[in-house]
Each structure stands twice: as C-alpha cells, then as structure tokens.
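Please construct the entire structure, taking both the sequences and the accompanying hints into account.
Single-letter residue listing:
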Amino acid sequence: MTLQIEPISDDALDDPVELARALAQEFRPAVVEQERLGQPPTAELARVRETGLVNLHIPVEFGGGGGNWQQIARVILELSRVDPNIGGLLAYHYHNFVAPFWDPFGDAAEIQRKSAENRWLWGHLTGPPDTFHATPQPDGGFLVSGTKPQNTGPATGDVTVLHALRVDRRELIYAYVPTDREGIIYHGGWNHLGLRRTETQPISFENVVVHPHEVLTNTTGRPIQSMPPFYHATGGLGFGSIYVGAAWGALDRAREYLLTDQSPRHGQAVADDPFVQALFGELITKATALVAFQSELARRLDRAYAHRRALSQDEHDEIGMHGEAFRSLAARTGIEIGNRVFDALGAGAARRSVGLDRYWRDVRIHSLHPPTYPQSEVLIGKYLINDEALRLRFPL
Amino acid sequence: MSVSSELQPVTEFFGDQDTHGESPWLAIARELADELAETAVDRERHEVAPHAQLRQLRDTGLVNLLFRADLGGEGGTLADAVRVVAALSRGDASIGALLAFHYYVSFVPRLFDFTGDAADLQRRSAEARWLWANVHQPREGKFIARPTGDGGFVINGSKRWATGGPLADVTDVIAQRTDRKELLFAVIPTDRAGLRWHDDWDHLGLRLTATVSVDFEDVIVAPDEVIRSTHAAAQNTFPPLYTQFVLPLYSAVFIGSARAVLDRGRDYLRTRTRPRLASGGIPPIEDRLSHQLLGHHLARLEVAEEFAYNTAERVWDAWGRREHLSREEVGELAVLASSTRRIAAEVALEAAPDVYELTGTWAAINSIGLDRHWRDARILSLHDSLSLSLTAAGDFYVNGTVPEFPPMAV
Chain A
0 MTLQIEPISD DALDDPVELA RALAQEFRPA VVEQERLGQP PTAELARVRE
50 TGLVNLHIPV EFGGGGGNWQ QIARVILELS RVDPNIGGLL AYHYHNFVAP
100 FWDPFGDAAE IQRKSAENRW LWGHLTGPPD TFHATPQPDG GFLVSGTKPQ
150 NTGPATGDVT VLHALRVDRR ELIYAYVPTD REGIIYHGGW NHLGLRRTET
200 QPISFENVVV HPHEVLTNTT GRPIQSMPPF YHATGGLGFG SIYVGAAWGA
250 LDRAREYLLT DQSPRHGQAV ADDPFVQALF GELITKATAL VAFQSELARR
300 LDRAYAHRRA LSQDEHDEIG MHGEAFRSLA ARTGIEIGNR VFDALGAGAA
350 RRSVGLDRYW RDVRIHSLHP PTYPQSEVLI GKYLINDEAL RLRFPL
Chain B
0 MSVSSELQPV TEFFGDQDTH GESPWLAIAR ELADELAETA VDRERHEVAP
50 HAQLRQLRDT GLVNLLFRAD LGGEGGTLAD AVRVVAALSR GDASIGALLA
100 FHYYVSFVPR LFDFTGDAAD LQRRSAEARW LWANVHQPRE GKFIARPTGD
150 GGFVINGSKR WATGGPLADV TDVIAQRTDR KELLFAVIPT DRAGLRWHDD
200 WDHLGLRLTA TVSVDFEDVI VAPDEVIRST HAAAQNTFPP LYTQFVLPLY
250 SAVFIGSARA VLDRGRDYLR TRTRPRLASG GIPPIEDRLS HQLLGHHLAR
300 LEVAEEFAYN TAERVWDAWG RREHLSREEV GELAVLASST RRIAAEVALE
350 AAPDVYELTG TWAAINSIGL DRHWRDARIL SLHDSLSLSL TAAGDFYVNG
400 TVPEFPPMAV
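Protein chains in written order, with numbering that gives the first Met the number 0: chain A, 0 to 395; chain B, 0 to 409.
Don't take every hint at face value.
Okay, derived cross-link-like pairs now, EDC-like style, lysine to aspartate or glutamate, Cα gap no bigger than 20 Å in a straight line [claimed, not checked]:
no., chain 1, residue 1, chain 2, residue 2
1, A, K381, B, D286
2, A, K113, A, D157
3, A, K147, A, D157
4, A, K285, B, E349
5, A, K381, A, D301
6, A, K147, A, E116
It is worth saying that the hints were derived from the structure and are not from the lab.
Being a predicted model, the structure only gives us computed values, none of them experimental.
Structural data, given as structure tokens:
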C-alpha cells in the first residue's frame, strides 16, 4: 500500500475515483497541520475545480462530467479518507445540487449548464422551513431575510441553494444565489470538535435580492412543502460516504503508524500480535462491508433517479430509508473504528502531530447532523415494523 | 442505596448516594471536583498548568490519604483512594490522574521496603505534603546508576513520558546499578541539578498532566535518598503488587470520566426544553430513547465502579498480609486489577461518543467540550497495552501462568 503522489492533468475526469484518490494524496502532507489550525481548504477546493471534479455530477450534455452516484459516493469516500473536511464539503456540494430534483421534466438545464461552465461549488442554506422568509417582488423575484445557525458550504462555495417561506402563502421557494450577494452576512466563529476546516457558521440574509432566474423551477406537480425528492437518499449516501472514508482513513493511518513508528512490546513486533491482527481484521471487514453497502445504495439511487419522472411515493420512501440506514450504520461504525484503532497502538499514536484522532472527531461531529444512531435506527425500525417512512415534509 | 421511606429521585439512584459510608476525603474530593469542573474546559484549552489545583490537593491533605496515620498520614485504604480519584476525575481527569499517579508512586517505596514500610519517607512526605512524580520505567530508555562509593549514586538516562514531573515536589527513579544485577530505587527532589524536564506533552488527552520527556544528566543521589529493598531476593524488576495498586487507580480515572459524561447528558436533558428531532414533541426529560441510552451506560458504569472498589479492597487486604502471600495469589490479583482497568476503560470510551446522541451538536462546541472525557480516557487507556492485558489474563486462566514484569536489571 504505497502512497505515491502522481501528477494530475487538468480535466482528468476519465476516472473520477482515481482522480479523487490522486488529489487526496496531493492533499495529504498538509492535512494534519491545516486541520489543527482550522484553515479552510481553499487551495484544495481550487484543485477540485481545476481538475473538473467539481462538475462530476452534471450530465455530459450540460457540459459536466456525467458521473453517477456510485462514482460520486466513491469520490467523497476517497477524499474523506485523507481529509473528511474536503470530502464533506464535496458531499454537501453534490447533495445540494437540488435544481434537477425539483425539475424532473426540465432537468434544470439552464442552471446545470451555468454550473458546469463556471465550475461552481455549491453550499446550502436549507433546514427548518421558517428560517428564511421570502417577499415576492413585482419582477417575479424575491427579497429574502433570516438567520440560520449552522451552515456548511456557502462560506467556501461559489453559489448556495436556499429555501425560504413565502410571506404570502404556506409554501416555500427554492433558489440559489452567489455567495457574495449583497446582504449575506457571515458570522464565523466555528470552533467545534471536528470538521474544523469547513467554515461552518451562522449566516444571515438581510433583504437579499433573489432574481427571477435564480428561483428553481418546480415541475414535480406539488407545491414546495418538503425537502426535494431524492434529498433524503443523496444526503444519506453523501454523509455516510464521509464516515466510511474517515473509517478507512483511520485504518490507513493506524496501519502506517503500526508499520513505521510503533515500537515493539516486550521485544515483540506489535504487527505480529494476534490481538492487533484480529483488531485490524475486524475493523477492515466492517469498513469493507460498508463500501459494499454504499455501492448498493448508490446503484439503487442511480436506478431510481433514472425513473424520476414516474417514481412512486413508496419507491421514494424506500430509497430514502435505504439512505438513512446507510448513514446510520456508517456513523456507528465510523465512530467505532475511529475509537478502537487506538487499541492496537501505543500512546505515541495519540500525539496530536500524528492526527489519528481527527477521524473520530470528524465523524462524531458530522453524524450529529442530525443525530444518527440510535435515533435513526428508531426511524428505520418504524419503517420496518410500523410501515412508517420518514418523509422530509415541512410542518406548514 | 439506603432504604428510606422517601423515594430518591431516579437520577440520583446510582452512585451519587454512596452506600459505603461517606468518608471525609470523599466529601472534600467532591467539593473540589465541582470547582474543577467549572474551569476545566478553559484551563485545558489555554493549557494552564494546574499549580493552584495541586496546591488544593496538598492543602486539603488529600495527598496524604494513603500514608499511615501513625506516620502523619490520613490512614486511608486503596479503596478510599480509588473513590477520591474517581470523584476528582469527574471534575477534571487531568487532576484526578495526577493524584492517581501520586498515590501509587508514593506507595512504591513501601513496595520496595516491604517490611519497613518506608516509614521515615512516609513521615517526611506526609509532613511536607509532597506531590510525587515518577521516572520508573527504565525499559523505555536506559537508566544507569553508578555508585559513588559513599552509598550514593550518579544517574544518567532518559525517559519518553514522565507524568507530572514539572508539577511535583519529588520523583522516584529506578535505574540499573552498574556494580550488580540489581535495581537502584531512589526518591529525589524534582529540581535536583541535572534533571531536565522537557515541555513536550502534546497529546490527545490528559493535557494538563505534564507528561513530559525527561533527561538525567549526572544526577546525584545522596545515600539517604536511596530506598533499600527488604525483599529476600535481589530486586531486578518492579516489586510485587505494583500493578495491583496502579490499575484500580487508573480505573478510577476512567470511572470519573464516564460519570462526567453521563452527568452532562443528564444535565442537558434537564435544562433543555426543545424536543429532540423526531421524538414526537416529547420534552427532553421524558424522552424514552434518551432514558434508555443513559440507562444502558449507567448500568455498565455501576458494574465498573463496584468492580474497581472490590478489587481495591482485595488488593489492600493482600497488602495487609503481604508477608504471607503466595506467588499465585499475587498473580491472580494482577489479572483482576488488569480486568478492572479494562472494563472501566471500555465503559468510558463507549459512553462518551453515545452521549452526544442526546446533546447533539451543542456538546461538540469546543467551549462545552464533551470530548475532553473521551480524549482523557482514550490517552490513559494507551498507557498499558490492552493486548498484553488480555494475553496475561488468558494465559493465567489456561496455563496458570503467573503474570510478572520482565526483569529490568540484567
């Protein structure tokens, strides 16, 4: 398992997973120090744009990379394996490209083209329905105001999606705006357990202008009173992929430490200890199973999305709960692996310069958004025994 | 739990009401822990050396707990010390760990001077209210003691991690004598010439314990600083009962950390009014899922606590009969102590990540700092290898192999 840094050509999207792997190796040397300082990954995200990885999710016909969810999920995993901050920001980016979700019959062609052409990185400002309020304007646009406490992506991205409750009816608008639009106020102050580079922070809108062409088209046939179709599934897949990547990252780092830095115990190489071998064996088995789960979910999501114009509510429920299940198991296992890899190693592995604790911290904080196990397991159990799927509807 | 006609609040059911008789030291420790908890996050974050807090351990006499009453100590037992360390660690595991290390390090002279109980040293330490550090794992570096001819020695060596050295008054040191296959054991002031404590502790947890690397450069040990072994055989390894004293005290740090985590989950439920997402609008204090999660970890913690107290009592009982103990009994106690530590560590390491599920992102804000308890437990758990502990327990069970330290002096 050698770690080599290969030079990467621009627009190297032939194999996006290989590209992500190569980028991750490029990012690796700086990550522990940057994480400690809480530096935003500006240079790394520039590389994501330069290499075209940023456009992976956009169909080729609109100028994108034409990647499917299987590739997207694996890209998030490979980046998170070195830095869950970067994998996380990409997960938000792909998952929050919701314009096509709201427009199954038009595929939000215009926005897709613009996004691909400008290599936009997306953030989001979506959550509880009454966070932002939208006042209609005569031109068909809106003025939006409000404050949302924790937001990931707008501070590091080019554009952000948002939703806002219309002041004239019990219905929301979805829209997107450039992140430097006048009236957007970034409050900063992210000082949390993990994902220290994501610039997650409170954001306020003070009469922010949303132009008519920035309002997302809704061709689902229903008013906007929920998160968009597929959002539950893409969120589960994207977030779970961060955790699986972090779990692999923790195993990678622990293995590297074991083989290069771990001093013998009582004269015996620790790598020859059956306890250590079994621990790595157990944990890598779990991590591998999660990759299989990820692939299966992504494959189902690709298939469901291909049928997006005719998908039943039951099928939406099924793919959403599948995403919930993946995220939940990935969180539980990511936390377990991030914690238990230490059992194989000596106290030297807990030096902050080794950075092995990053993975636990990153999974633990992100999986609180919203909490995963056992709360998500309750939801899955309800689906199984009470036939009650979680639907991301707003209480309007 | 005492039987009473009045119902205790359910949340006070375990642990808070101690059934083993409230010792005065425990009351002091609890009071200190409450103070420590208030400042722990800030002190850790700004890396404030805990001089003031350690001063309180001296002023209150807690440092003298294990010394004999007839020698000026408090005459407490190992179980008393375990309770005190657990109580303190509930407020700040760095301070709890420093006291835990102090208790067993200041006991090592008594383990060497098996029959004389290092009486003079106990008297002096109690009177001056010393806090002890240790430099006694010469496996790490090579510690060499060269006799000076007058009964004293000159020591050279280095050690990668020595807990509390820069904070303590005295330190013990174990070194290999150059003149015979035997260990030198001595106790010297931490500011002795030639002793260099480096400021290089930058690890995951227990960040205020000053677990630093240390060099000995021609450090002089005076004849009256040498502690004579009174064991029949020449001492070339740790004396008997060493791990048996150490591991219940480590267990106490884990127990305190675990209890702190559960406390904070409980406090969160009691003080929040907004229902948890997807809980159906039920107030946090009535949320069954939260009750179940805390209940699960509370039961495990209660087992770990009782196990640690019980082990400490058995070790103390063995210490009282030290001149009549069989090698097998000492080995059995080593396995017991090691199992105690393992169970306690597991409880702390598993409870901490789970409690976040109740508190959500709130507890992940660094100014709240719930992760401190996990980090503290995680680093302490790496002090001694889980693998070796499991092997020793299994080998003893299968083959009757008595676990022993490998010789340090060869």
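For each hint, the structure was consulted:
1. A:K381 / B:D286: OK: K381 (chain A) and D286 (chain B) at ~17 Å, within 20 Å.
2. A:K113 / A:D157: The hint holds at about 12 Å.
3. A:K147 / A:D157: This hinted pair holds, its Cα atoms lying about 18 Å apart.
4. A:K285 / B:E349: 18 Å, holds
5. A:K381 / A:D301: 25 Å, violated
6. A:K147 / A:E116: Not OK: K147 (chain A) and E116 (chain A) at ~30 Å, beyond 20 Å, violated.
The structure shown violates the earlier hints numbered 5, 6.
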